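J.: Residue numbers for the sequence shown follow the working numbering, so the first one is 214 and each next one is one higher.
No wet-lab data here; the hints were simulated from the structure.
Keep in mind the model is a prediction, meaning the values are calculated, not measured.
Cβ atoms here follow ideal geometry from the backbone N, Cα and C, with glycine treated the same way.
Just so you know, nobody snuck in bad clues.
Cβ-Cβ distance ranges computed for the label pairs, FRET-style:
| no. | residue 1 | residue 2 | range |
| --- | --- | --- | --- |
| 1 | A298 | S392 | 29 to 39 Å |
| 2 | E467 | G366 | 39 to 49 Å |
| 3 | L333 | A474 | 40 to 50 Å |
| 4 | Q258 | D447 | 13 to 23 Å |
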Amino acid sequence: MNPTTLPTRHRFATAVVAVVLSFCIAPATHAEAQGMENVQIRTQQVADGVYMLMGQGGNIGVSVGDDGVFIIDDQFAPLTDKILAAIAAITDEPVRFVFNTHWHGDHTGGNENMGEAGALIVAHDNVRERMSTEQVLERIGRPVSTTPASPAGALPVITFSEDVSFHINGGQLHAFHVSNAHTDGDAIVHLVEANVVHMGDTFFRGRFPFIDTASGGSIDGLIDAVGDALAVMDPDTRIIPGHGDLSSRSDLQEYGDALKAMRGAVASLMTRGLSLAQIQAQRPIRAHAETWGQDRAAEDGFVATIHHGLGG
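Generate coordinates for the entire structure from the input sequences, incorporating the hints supplied.
T.: Right under this line is the structure:
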């Protein structure tokens, strides 16, 4: 169906989602930078020597110790000074490593600034590849915006294909690739001794996740990523989600169960030959939308995402 023939509610939902996602994924423009002047960086201790920073964009993980600072994601460029100030309130050590969990601008926007300050940027091979070229953001197969190639100074200097370990600050940080989940370049970081896992955007706490199908993301890959993460956890593991509050293993388990249930509900209606519009009218994931406080537009959008991911 052509977007211009969609019912008014669906056209409005598509427009709203496009604006939100283009802001979250693309680098900050001058106007957006001005809008970040009042953003405050909040710090929460997660474990001994491990912190979570929350501001605008993806949650940042921080490991501190005598070897220096290792950060996971770095939000938007206009926030770099505030982020560094928040880190300086924790430790006098410099930022030595920046690890990107995927390529989106709300997780990599500070790369160039951090690189200029002396940090080495690390990510999966596909993160560098996508950041090196213009990317087209699609919403369920429809282009809604473009993201220009990142400057050379923002690109990961060290990349890996499957997994990589860092031995720093008295412990091991083990990052492993999860295929075609939120994107095709996602990595989950396990701070082994601290018993902390940073999920990147494979975990949106308390809301429908965004699956970037244009970047190779899929509902099945996201479900598998949750399973891979759960396999390295115990009941006491603390989880830093890409977006949302600090979480527990049980929170992630509930999220994974919800993803499976929603996928199954949509798939069941697809096997009956229903169209996307008919499936949305049936409201197969309504209970999850209500549990997470999500509106009808978000509900219909995620049904469309699942439908698209299952070949609809």
